[in-house]
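K.L.:
Each protein sequence line maps, in turn, to chains A and B.
Just so we're aligned, residue 30 is where the first sequence starts under the working numbering, counting upward by one.
Just so we're aligned, residue 774 is where the second sequence starts under the working numbering, counting upward by one.
Please note: incorrect hints may appear among the correct ones.
Unchecked claim - Listed next, the in silico SDA-like pairs over lysine to any residue satisfying Cα-Cα at most 20 Å (straight line):
| # | chain 1 | residue 1 | chain 2 | residue 2 |
| --- | --- | --- | --- | --- |
| 1 | A | 387 | B | 975 |
| 2 | A | 387 | B | 991 |
| 3 | A | 34 | A | 312 |
| 4 | B | 973 | A | 457 |
| 5 | A | 542 | B | 887 |
| 6 | A | 93 | A | 79 |
| 7 | B | 973 | A | 93 |
| 8 | B | 967 | A | 436 |
Calculated directly from the structure, the hints in this document are not laboratory data.
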Amino acid sequence: MATTKPKVDVVIVGMGWTGSILAKELTDAGLHVVALERGADRDTQPDFAYPKVVDELEGSVHRKYLQSLAQDTITIRHNTGQTAVPYRQMGSFKPGTGVGGAGSHWSGCHFRALPEDFNFRSNIEQRYGRGFIPQDMTIQDFPVSYEELEPHFDHFEYVCGTSGKAGVINGVMQAGGNPFEGSRSREYALPPNPNYLGAELFYGAAREMGWHPYPIPASNTSRAYTNPYGCQMGPCNACGFCSDYGCLNYSKASPNACILPVLRQRELFELRTHAQVLKVDLDSTGRKATGVTYLDAQGREVQQPADLVLLCAFSYINVHLMLVSGIGTPYDPQTGEGTIGKNYSYQNLNRVVLFFDKDVQANGFIGIGGAGTTIDDLNGNQLDNAEAGFVGGGIIWARQPGAGPVRGINVPPGTPAWGSAWKRAAADSFRHSFYYEVQGACMSYKQSYLSLDPTYKDAFGRPLLRMTFDWHDNEIRASQYLVDKAQQMSRILNPIALSGDAKKDGTHYDITKYQSTHTCGGAIMGANPKDSALNRYLQSWDVPNVFAIGSNAFPQNNGYNPTGMVGALAYWAAKAIVDQYLKAPGPLVQA
Amino acid sequence: MSQTPSDPAASPSRRRFFKGLTLLPVAAALPGCGGSQDTPVRDYVPTFFNAVEWTFLIAACDRLIPHDEIGPGAVESGVPEFIDRHMQTPYASGAIWYMQGPYLEAPPEFGYQGRLPLRDILRVGMAAVDAHCRQTFEGRTFAQLEHAQQETLLTAAQDGKLELDDISSKVFFSNLLAEVKNGYFSDPVHGGNKGMGAWKMIGYPGMRADYIDWVSVRDRPYPLPPVDLSGRRG
Ligand SMILES: Cc1cc2nc3c(=O)[nH]c(=O)nc-3n(C[C@H](O)[C@H](O)[C@H](O)COP(=O)(O)OP(=O)(O)OC[C@H]3O[C@@H](n4cnc5c(N)ncnc54)[C@H](O)[C@@H]3O)c2cc1C
Ligand code: SF4
């Protein structure tokens, strides 16, 4: 028998970036918020304290700060003809858990989307004609514009202490920034971080290619900083344990460092950890949520009634919760009907490693999670897609979040994996190599979607989420085109060896190798309920007192990391709830 | 083919370890135990692996990361100790893996789909390789083969070309190699990387985790030796 807690105004599922943002905004508005987080509570002290936090075995092998897959995972298959199998060991992407979510162990690359990423489909159609888009490519426009989100992009960057250089402020070009970006209302919160060697060399080589390099906007503070909420951050010391690790220094923006210090003091905010939400409870009409059911730390089933249910559980987990709760209609890839699970997409990541002689002090162990150098010359409208032969662009970057030998040592192509020859190569390469990455957009397709698995269950008895995803020709061509450009640029630097991994024709999605945690789509925002799960405020079309906030809302993925956009959408949704929904609870957009 | 390792340059680390094993009955029967006495005996007694597995592990470690002029070998670095200890952590019993069935075969892009957690992958794999060796090499175990033979077997396992009864040789090999590298390179607190030798070999400063003054230095190699989690300097 489930126990029932007293009703609250808002229940939030998940205490990562989106959950923290919504909790902050809604307690500001005077609402009583209960946040349910499946993992443990975590904070800089004591959880990320030096030296314990920089143990590579615990961080990168035991994946101490990430979600364990033992209780909950997904299943995966490449196409609808296959039987999906479980994602048993973590590889391709690494969901977070615990207070702060993946936001406590992300890297910090903090991009905004380009203005043309928002009207994506119409822009491509306008430029190249409808026929340019493959039949089964289900890309759509976002139902919101860059201009509408600008204040929220800006605010999130100031909450995070994002360090970067503006390229365009109020329509005026700024030297040193990205000339192709959407116009900003002001400069970044902090100036860029210093460049490690590979990033410095990237500048020269990129300019020789005729490109416009600029500092990656990084939510790793280049200076001491106090954010608009009064949270203090120390300057990043380039510790080299950024991705996968919590920050020992209050330097990497995280919910823990940037928002929770305020929330924790609020009476209107209640955080319950080890609270595994199983489903959203709906009333008999199926059109109204009454709250959520969760398992508490002791494994007891608890019902938390609430007027408003906010799914902030990370992109595909939000979709899983919608599917197991019966919110909306599951997507059917045969008919194209239904919207929950539709348009799952990912990120198209490829790496090029440059090896040098011993006089080149690349020192890969030095690292700042999100900092480095990148270009937008092959992204958005800068890329001639007709010439390139694919839809969607990408960026090339020099980034060094920090390398350690347990995380793996890059060795030149052809090196054996063990024995004396490997030792020699590892010793020669460790301090004298760096890498560039190509991060490409990923389109959405009729056959790439999320659904419930018919066979496998999680530890709570629910069907696992099943992912049907593979690389399409468009993304393989993009990978080959962009990696080729990255290699051309890299050769300018005269490395003694170069390794690159453009996807070959027919390459299948490999879930064993880390690529990125930029999983997107599945419960997308759109202009009408026929082709989207959420309206422009991330509100469920079917159950209007449920909002699903995260990269699940992206109809396709652009060339950037998602979190700048995710944060902006979270503030955008929060504003809509406070300014519109609270005054007249119900659908904010008429279908 | 001789019964004993023919390589006179068999690494001192290896001899040192075999020497340390004389308490174990099987080790006493091992060839190669009577090596030079110049290196101190390390007295780690395995608590996870049995004596047969332990000799296998030492031999495999010694081939995967041999002692040479480049840097320390896995054996002298304490990698077998690391692995023995690591097998007794929740990690090695599959605590962060999804271990529920059904267990279906799938192409390699879907990752390991078997039933065994790490520690059993290693155990079953060692037994299977030894069984294969006894059949092929007149009753000898992996540890009793010559270096060149061991290397040929490891290469065959790496490529998945070694046919084993109970496990895919590729799965066994990749997990074994990953564990050997984990032990070689992780902090000494976990039992391997004795004296931070592996870090010194590659020039890794270990757990310093503060490099802001060095981000933009170009003309000099990073000068500081490693420091470990316990604050020791290498
Ligand atoms: C190693 C790594 C590096 C990354 N680097 C970058 C980067 O450089 N730039 C970038 O833009 N993005 C990066 N990301 C992605 C970024 O972390 C995510 O986009 C971001 O954290 C998403 O925020 P979120 O609120 O949607 O989810 P999260 O921050 O993951 O929070 C979701 C929370 O919900 C909880 N939860 C899930 N299910 C339940 C349930 N059923 N009941 C209760 N609680 C639940 C989870 O435990 C988690 O705490 C990285 C991710 C990883 C893993
Ligand atoms: S690199 Fe900087 S921001 Fe990242 S964890 Fe280290 S100190 Fe923190």
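K.L.:
All hints, please: hold or fail.
P.N.:
Verification of the hints:
no. : hint             : result
1   : A:387 with B:975 : holds (12 Å)
2   : A:387 with B:991 : holds (12 Å)
3   : A:34 with A:312  : holds (17 Å)
4   : B:973 with A:457 : holds (12 Å)
5   : A:542 with B:887 : holds (18 Å)
6   : A:93 with A:79   : holds (15 Å)
7   : B:973 with A:93  : violated (26 Å)
8   : B:967 with A:436 : holds (19 Å)
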